[in-house]
Every structure is written in C-alpha cells, then in structure tokens.
Amino acid sequence: MSEHHHKETFVTKYIFSQDHKMISKQFLVTGIIMGVIGVFMSMLFRLQIAWPERSFSIIEAFLGHHQTDGVMDPDMYLALVTIHGTIMVFFVLTAGLSGTFSNLLIPLQIGARDMASGFMNMISYWLFFISSVVMVISLFVEAGPASAGWTIYPPLSALPQAIPGSGLGMTLWLVSMAIFVASSLIGSLNYIVTILNLRTKGMKMTRLPLTMWAFFITAIIGVVSFPVLLSAALLLIFDRSFGTSFYLSDIFISGEVLHYQGGSPVLFEHLFWFLGHPEVYIVLLPALGITSEVIATNSRKPIFGYRAMVGSIMAIAFLSTIVWGHHMFISGMNPFLGSVFTFTTLLIAIPSAVKAFNYITTLWKGNLQMNPAMLFSIGLVSTFITGGLTGIVLGDSALDINVHDTYFVVAHFHLVMGVSAIYGMYAGIYHWFPKMYGRMMDKTLGYWHFWITAIAAYGVFFPMHFIGLAGLPRRYYSNTAFPLFEDLADVNIVITLFAILGGLAQIIFLINFFLSIYRGKKATQNPWNSTTLEWTTPVEGIHGNWPGKIPSVERWAYDYSKPGYEEDFVPQNVPLKEGEEES
Amino acid sequence: MLALFYIFIAVAVGLGIWQLNRLSSYKQVILKNDKGEPVNAIAKSEENPVATEKDNDIHGKFFLIFLIGFYLLMTYCLFFMNDIMLPESASIEGENDDNLFLITFILIGVVQFATQFLLFYFSFKYRGINNRKALFYADSHKLELIWTTIPTIVLTALIGYGLYTWNDVMDLSDSENPLVIEVYAQQFNWQARYAGADNTLGRGNVRNIKGINTIGIDMTDANSADDIPVRELHLPKGRKIVFKFRSQDVLHSAYMPHFRAQMNCVPGMVTEFGFTPKFTTQEMRVQEETVRKVNGINKLRKAKGEDPYEFEYLLLCNKICGASHYNMQMKIVVEEEADFYSWLKQQKTITELVN
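Sequence lines, in order, name chains A and B. To get this note's numbering, take the position in the first sequence, counting from 1, and add 332. To get this note's numbering, take the position in the second sequence, counting from 1, and add 70.
In short, the hints are calculated from the structure, not lab data. Here a beta-carbon is modelled for each residue, glycine too, at the ideal position from N, C-alpha and C. Just to be clear, a hint being listed does not mean it is correct.
Ranges of calculated distance between the beta carbons of each label pair, as one might list FRET restraints [to be verified]:
| no. | chain 1 | residue 1 | chain 2 | residue 2 | range |
| --- | --- | --- | --- | --- | --- |
| 1 | A | G594 | B | D168 | 35 to 45 angstroms |
| 2 | B | V120 | A | L528 | 30 to 40 angstroms |
| 3 | B | E358 | A | I825 | 23 to 33 angstroms |
| 4 | A | L842 | B | P108 | 35 to 45 angstroms |
| 5 | A | E899 | B | N169 | 26 to 36 angstroms |
| 6 | B | L90 | A | K345 | 13 to 23 angstroms |
| 7 | A | E474 | B | D153 | 43 to 53 angstroms |
| 8 | B | K415 | A | A813 | 54 to 64 angstroms |
| 9 | B | R273 | A | S389 | 52 to 62 angstroms |
| 10 | B | N152 | A | L528 | 24 to 34 angstroms |
| 11 | A | S563 | B | G366 | 22 to 32 angstroms |
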C-alpha cells in the first residue's frame with residue numbers, strides 16, 4: 333500500500349472505510365459473530381427439547397434468572413427460538429451473506445473502481461452494525477427478549493400481558509429491525525445502481541457472471557419487499573405504543589377487556605409474509621449465484637444453460653412476490669385465495685427444477701476439482717433438492733392443513749433456505765477468501781468442516797420431517813404433555829446429538845478462518861484458474877481495484893475448457909480469436 | 071463458570087484438529103547424514119492449498135459413500151419409522167388428503183432418489199483424476215425443454231388434484247344439516263359450545279365475558295339461550311361437523327391431527343372448518359395402526375414405570391401463544407350419534423348455568 337497516494341488513517345481504513353472490499357469484510361465478520369450467537373442459541377434449545385427435565389450447567393451459566401436449577405423457563409425457550417430465527421434469517425443470511433458478497437464482488441466482477449456510492453455503502457454497514465448491537469442488547473432485558481416467534485404475529489407480540497418478551501424486548505426487536513431495513517435498502521439501491529451503471533467496457537448484461545445476476549435480482553426483491561416489513565413494524569409500534577387498532581380487536585386478557593376494536597392480525601400476516609416469502613429468496617438467490625460460479629470454475633466447464641439460469645432467477649424473483657399467502661392457508665383467509673396461492677406456489681418448482689438440473693448437467697463430464705468451496709456447492713445442490721421437494725407438500729394447501737406449523741415445516745425450510753444458504757456462504761468464503769485477505773484458507777480443515785457439517789445437517793433435518801408427519805408441533809417447550817408424542821423422544825435426542833456435532837464442526841471453520849487471515853499461505857493472483865474479472869486485480873487488493881486501466885470485457889464468463897485453447901480457462905478480458913464464436 | 075469450561079473444551083477440540091491437521095502436512099523423508107548414511111527424518115511437505123488429484127480422488131469417493139449413507143438414512147426414515155406415524159385419517163374428508171399425500175410423497179420420493187443419485191454419482195465419476203479433460207458443453211435447448219415441460223405437466227396434475235381436495239375440505243356451503251360447534255381458545259385452554267336445539271350459535275363477544283359466562287356469549291341474542299358450553303369435545307360419528315373458531319386473546323391454532331384438520335383461531339373474527347368423523351374413539355383404539363403406535367408408546371412408558379396410555383383424539387394448540395403453549399389441549403371423544411345425544415342432554419345450557 334506504500335505506493336498508494338491516498339492518506340489513510342486507521343479510522344478511515346478499518347472503521348469508517350468507504351472501500352467496498354473493507355466493507356464486505358466488516359459485513360462478514362459481524363455476520364460471523366451474529367452467527368455464533370444464533371447457532372449457540374439453537375444448541376441451548378435443542379438440549380431442552382431432547383431432555384426436557386434435565387438440568388444443564390451450561391443453561392444455568394448462560395440464562396441467568398430465565399432458568400431454574402439448569403432448566404430453562406418456557407418463556408426463555410420461546411425467546412431463544414425467536415431470536416435464533418431472527419438472527420439467522422436477517423443478520424447472518426441476509427446481511428452476512430448478501431452484504432458480504434455483493435459488496436466484495438459487484439465492483440470486482442463488473443469492472444468498477446468501487447460502488448456507485450462508497451459513502452452510502454459505509455452507512456449501510458454501520459446501520460447494520462447498530463441494528464445488530466440493538467438486537468444483542470435486547471437479549472439482556474429484564475423481562476427477556478422478544479419471544480413471539482421470528483414472525484412476531486400480533487396480538488402475542490403486541491401485548492406484554494400475553495408474554496413477558498413482548499415488553500421492552502419486543503420494542504428493541506422492532507427498533508433493531510427498522511434500522512436493519514434501512515441498512516438493507518441503502519445497500520440494495522447501491523447494488524442495483526452499481527450493476528446498471530458502472531459496468532466496464534464490453535460487460536454487457538448478457539456477459540454478467542451468474543453471481544452478478546443473482547445479486548442484482550436479489551437487490552431488486554429487497555427493494556420491493558423490505559419497505560413492506562418496515563410499514564408492518566411501524567403499524568405494530570403504533571398498536572403497541574399509541575393505542576391504535578391496526579392488528580388488534582376484541583381482546584380479553586388478564587381479566588379485562590382491552591379497548592382495541594376493528595383490527596385484524598391477518599392484516600399483519602399479509603404484510604409480514606409479503607416480505608417474509610421474498611426474504612427466503614433474498615437469502616437463497618445469492619447462495620445459488622455463488623454456487624453457479626463455484627461449480628462452473630471447479631468443474632472446469634461452462635455453467636450449463638446460462639440463459640435458462642438467468643431466466644429462472646427472474647422467474648423465481650417474480651413468483652416470489654405473489655406466493656406469500658401459502659404461509660396463511662389456515663389463517664382464516666378466504667379459501668379461494670388459498671387456491672390461488674397454491675397455484676402460484678407450485679409454479680416456483682419449475683424454475684427451481686431447471687436450476688437443479690442445470691447444476692447437475694454442469695457436473696456431467698466435467699473435471700471436478702474438489703476444493704472445499706466445491707464440496708459445499710455440491711452439498712448445496714443436494715440440500716436444495718431435498719428441501720425443495722418437500723415444498724411441493726407444503727405449497728399444496730390441502731396437504732398443508734395437517735403439516736402446517738409442525739416439525740415438517742421446520743425441516744423443510746431449514747434444508748432449503750437455512751442449510752443451503754449457509755453452504756452457499758461457506759462456498760463463497762472458501763472461494764473468495766484469497767481475494768479478501770490475500771491468503772488461502774487451509775484445505776484440509778475445510779474438508780473436515782464440510783464432511784462433519786454435511787453429515788450433521790442431514791442427521792438433524794432429515795429425521796425431523798418424520799416427527800412432523802407424526803403431528804409434532806413446532807415451538808413446543810416440551811413434548812411431555814402429550815403421551816401421543818412420547819415415542820418421538822428418541823428421535824429428538826438423535827437430532828440434538830447431530831446438532832451438537834454440527835455446531836462443534838463450525839469451530840473448525842472459525843479457527844481456520846481467523847488463523848488463515850494471519851497465517852494462511854500467501855495466495856497467487858488467480859488460485860482457482862477462474863475467468864472472471866476479480867482475479868485480474870492484484871492480490872493485495874488496492875484502493876480502486878486495478879492499478880492501471882480497468883480491463884475491458886471481450887467474452888462471457890464461462891469459457892472453461894474451450895476447444896482451441898491450451899489452458900482450460902479463458903479470462904473474460906482475453907479478446908476473441910479471429911473466427912472464434914462467443915458462446 | 072462452567073460455561074467458560076465448555077467453551078474452553080470446544081476451542082481445545084478445534085485446536086486439536088488444527089494441530090492434527092498440521093501434523094498431516096509433515097511427511098517422512100530420507101536424508102543423508104554427514105557420513106552419507108541414509109537416516110529417517112520428518113519434513114514439512116509443501117502443501118498445495120488448491121485441490122490436487124489426490125484430493126479429487128478421495129473426496130469424489132467420499133461423495134459416493136455419502137450417497138450410500140444418505141440412501142440408508144432415507145430408506146430407514148421412509149420405511150422403518152412408520153410405527154410412530156399418525157394412523158389413517160379419522161375423518162371422511164381426510165381420506166382424500168391421505169391419498170393426495172401418498173401420491174405426492176411417491177412422486178417426490180422418486181425424484182429425490184433419482185436426482186441425488188445423479189448429483190453424487192457425477193461428483194464421483196467425474197472427479198478430476200488422470201488428467202481428465204472437461205467437455206465444453208454450454209447449452210442444449212432440447213434438454214432444457216424436457217426438464218421444463220415434464221415438471222410443468224406433473225405439477226399441473228398435482229395442482230389439479232390438490233385444488234379439488236382443498237375445495238372439498240374447505241367448502242362448507244353445501245353441507246346438509248351439519249352440527250355447528252364453536253371452539254373457543256384462550257391462554258392456555260380450550261372450551262367449546264354446542265348450538266343446542268336450534269342448531270344456531272348465539273352471538274359472542276369478549277365484552278360479554280362475566281362470571282360463569284367465560285366465553286362471552288351474548289345473552290340478549292335469542293339464539294343463545296339453549297347454547298351449551300363445555301370443556302370436553304364430543305362428536306357424533308358420521309355427522310358433518312362445522313366448527314366455528316374464536317379466540318379471546320392471541321392467535322391460537324386448533325389442530326386435530328387425527329382428523330387432518332387445522333384452523334387458526336383469530337381474535338376479532340370467526341374462522342371455520344368442517345369434517346365428518348369416521349371412527350368412534352373405541353373403533354380407533356382397535357385400529358391396527360393405532361394399536362401399533364400405542365404399544366410402542368406403552369413399551370417406553372413401562373420402562374419408565376408409568377401407567378399405560380390409552381388412545382384419545384386430541385385438539386392441540388399449534389400457533390405459538392405463550393408460556394404454556396406446549397400444554398394447551400382438549401380431549402375429543404367420538405361416539406355413536408345416540409351416545410352423543412345422551413351425553414349432550416346431561417350438559418347444562420348457558421341459561422341454566424347463568425341463572
């Protein structure tokens with residue numbers, strides 16, 4: 333950095349940085365810290381589900397007055413599942429995944445010096461940071477954090493009389509999410525503008541790598557749907573604090589009738605899921621984009637059906653905004669609406685199937701390089717298929733009646749958006765770590781990390797489908813109140829053991845990640861022999877990305893093993909030979 | 071402080087793996103000492119951070135093993151966990167549902183087995199060994215057309231059957247002479263109300279809650295007088311039941327898994343759901359699948375020294391509603407119509423209760 337002409341202090345370089353590469357690292361590290369908290373919470377409540385009456389000193393140590401003799405209180409159990417869901421969905425898989433890789437890759441892959449607005453980018457991170465801090469603070473509130481489920485359906489979330497977590501804990505939750513939405517919107521607008529305006533010479537939209545398409549469409553879905561969550565949250569704040577009745581009506585609680593009249597919780601459900609469902613794709617599409625890139629690179633083959641892939645991203649994005657009602661089949665809304673939402677929901681299976689088949693075909697007759705990133709990408713395709721297929725059950729209103737809100741749902745969404753998106757994130761970290769830190773992550777630890785995680789993930793979530801089919805509802809503090817469920821206890825113990833195994837495997841990753849930042853092997857400029865532009869920048873990652881002119885783009889992003897070339901990859905900035913056709 | 075201890079152990083395990091891992095990067099070499107005699111020594115091998123052919127080979131094979139393991143897991147869950155599943159539908163409307171479920175499950179099961187095979191088998195077969203050359207194969211409209219059209223056709227059929235079932239279950243307009251029952255939810259228990267001789271429920275609102283009138287029946291409504299509030303749900307076999315659901319505080323969900331029935335209870339509005347019970351509680355108790363499940367449960371209970379469990383239909387809450395959500399239940403008894411009416415006659419009407 334010595335030859336660099338900008339004067340940078342510690343503060344401008346590491347804290348209030350406007351460099352997209354630094355901001356992406358900030359997003360990643362914050363996301364990892366939140367992820368550790370979220371995963372740790374899941375360990376605690378899994379202990380409770382598996383051994384409901386058993387005392388655990390770890391619970392005694394962490395849960396303070398929310399436990400008695402090492403057994404957590406029911407309210408705390410609900411708080412843990414609520415905050416686990418919130419943190420994993422929003423803080424890890426939205427900000428941690430999209431925030432990290434959109435920031436890192438958009439300028440590098442389209443050939444731009446930085447984001448359209450570095451300042452807004454910095455604001456986006458710091459709002460995310462503040463919202464994370466508020467969320468973490470809410471854990472230490474006297475009455476406990478928000479505990480109405482991550483979907484915070486009113487009236488439960490509106491009335492402290494109904495559950496103690498709906499007091500200050502819920503207020504902080506709402507404040508945190510409002511700030512989060514602002515962060516996400518600023519970020520998304522920046523991504524969209526950057527991709528539309530700052531592409532280098534020759535980078536036509538049809539030459540964008542699939543990661544770019546995925547991030548671009550994700551940002552658009554975010555801009556369309558996040559404001560609706562903000563308005564839903566605002567109306568809830570009005571109901572809670574200013575006595576309005578948007579969501580509340582005819583309530584008798586703690587021996588008195590409340591004044592609310594005329595509102596409906598179903599309105600909240602509509603508003604929430606108008607974000608909530610697209611959110612699933614905000615989480616998943618970037619992971620699929622990363623996978624497209626990693627699978628093509630490591631198969632040494634072009635991604636199969638580039639246009640179909642772009643088309644299916646667009647189709648999924650469009651459909652994702654008109655399927656929210658499938659979360660509400662039995663909410664009391666008109667059954668005719670249920671029919672409409674069943675129809676639109678099952679349509680999503682078509683573009684999803686196209687994507688899955690295209691990934692598999694990309695592997696076919698490839699020359700597969702089994703780097704850790706590649707293993708995670710293959711794992712993603714597997715969990716995406718497994719989780720996606722059960723979506724056909726849940727999206728069908730008639731079948732949903734009996735499995736709604738059971739563990740079948742928990743298994744489904746954890747596989748299709750939880751595990752898949754986390755795999756995508758890991759694939760991205762292993763693949764672009766050299767670009768972020770100029771060093772390589774340790775390969776062997778990566779292998780350990782993948783295999784233990786892969787076994788644990790299926791060990792946890794596959795049997796979970798079946799306890800759901802046996803009728804076990806989710807969010808039950810204990811299943812001992814029903815003799816009907818007693819024969820599911822063993823399965824729950826097995827699930828918890830796998831969950832602990834999976835949780836421990838992430839420690840391998842953490843150690844690998846943080847040690848590799850300082851001790852990893854020095855990276856070469858293009859370690860994976862990739863074609864995309866980010867690998868033409870210097871290893872040390874300078875301000876402005878390219879020392880001289882920004883390279884111009886001459887071809888699409890997937891010329892791997894192209895006939896007529898010595899090497900098995902042709903970077904995007906290499907001009908076409910005479911008579912060579914662009915694929 | 072024990073928490074710190076656990077963290078310490080976890081970190082130690084991680085560090086252990088890291089060190090073991092470093093160990094694996096050392097290899098035995100043969101060096102020559104001063105006299106030129108060969109001696110064994112250990113040296114750090116220059117490890118390549120990118121996958122080598124050896125890595126490709128190992129992990130390609132691992133994927134094949136993983137596939138076999140996954141197949142075993144799937145087979146076990148699909149075929150050997152049947153004993154803990156719910157018995158066949160106890161409502162007539164639920165039969166269609168079970169059918170649709172079976173068809174859907176066979177379908178997604180076949181797709182699951184096939185696609186996972188392709189994915190992991192290709193990962194194994196095309197692992198990068200022996201200087202393999204990848205095939206430049208970027209597009210095939212024919213293939214893409216195939217895997218767009220086939221799912222479309224299959225899904226169209228599935229959607230059609232699904233919507234038929236859905237309308238069948240949800241459309242209560244054409245049911246003849248149904249028995250109307252109100253199910254009333256509050257933190258954390260259930261109540262019910264029978265419509266009485268006129269088979270019409272009186273109006274209800276939380277503002278009428280007073281003393282023994284715990285579910286807010288509007289006593290000024292003429293239809294209310296003969297309404298019968300109860301704490302245990304009895305249903306006549308073979309008669310269409312239309313449930314009207316209310317909640318007084320937060321969202322609840324009335325889940326009756328054996329009847330394949332569920333509907334949310336929403337404060338401020340009345341929701342509805344209907345079904346026709348097919349088996350009485352007694353008949354269900356001797357049904358083969360129920361017997362198998364109950365025997366399994368009782369074996370576990372015996373080991374713990376608990377009393378044996380007898381099968382009952384249940385209504386349970388399935389929407390997070392607060393601290394005791396996990397224990398918000400009501401027993402359902404299905405009996406022959408005659409038994410049902412003699413039970414109902416013994417219950418007091420709201421007028422009798424209030425006065």
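Hints versus structure:
Taking 35 to 45 angstroms as the suggested C-beta distance range, the pair G594 (chain A) and D168 (chain B) conforms, at roughly 40 angstroms. The hinted range of 30 to 40 angstroms is satisfied by V120 (chain B) and L528 (chain A), whose Cβ atoms lie roughly 35 angstroms apart. Range check, E358 (chain B) to I825 (chain A): about 28 angstroms between beta-carbon atoms, so the 23 to 33 angstroms window is met. Between L842 (chain A) and P108 (chain B) the CB atoms are about 43 angstroms apart, so this pair conforms to the stated range of 35 to 45 angstroms.
Remark: the range hint 26 to 36 angstroms for E899 (chain A) to N169 (chain B) is contradicted by a beta-carbon distance near 57 angstroms. Checked against the given bound of 13 to 23 angstroms, the beta carbons of L90 (chain B) and K345 (chain A), roughly 37 angstroms apart, lie outside it. A hinted range of 43 to 53 angstroms for the beta carbons of E474 (chain A) and D153 (chain B) is consistent with their spacing of about 46 angstroms. At roughly 32 angstroms, the beta carbons of K415 (chain B) and A813 (chain A) sit outside the given window of 54 to 64 angstroms.
For the pair R273 (chain B) and S389 (chain A), the beta carbons lie near 55 angstroms from each other, so the given range of 52 to 62 angstroms is met. Taking the beta carbon of each, N152 (chain B) and L528 (chain A) are about 55 angstroms apart, not inside 24 to 34 angstroms as hinted. Distance hint check for S563 (chain A) and G366 (chain B): the Cβ-Cβ separation is about 50 angstroms, which falls outside the suggested range of 22 to 32 angstroms.
The structure does not agree with the numbered hints 5, 6, 8, 10 and 11 stated previously, though it agrees with the rest.
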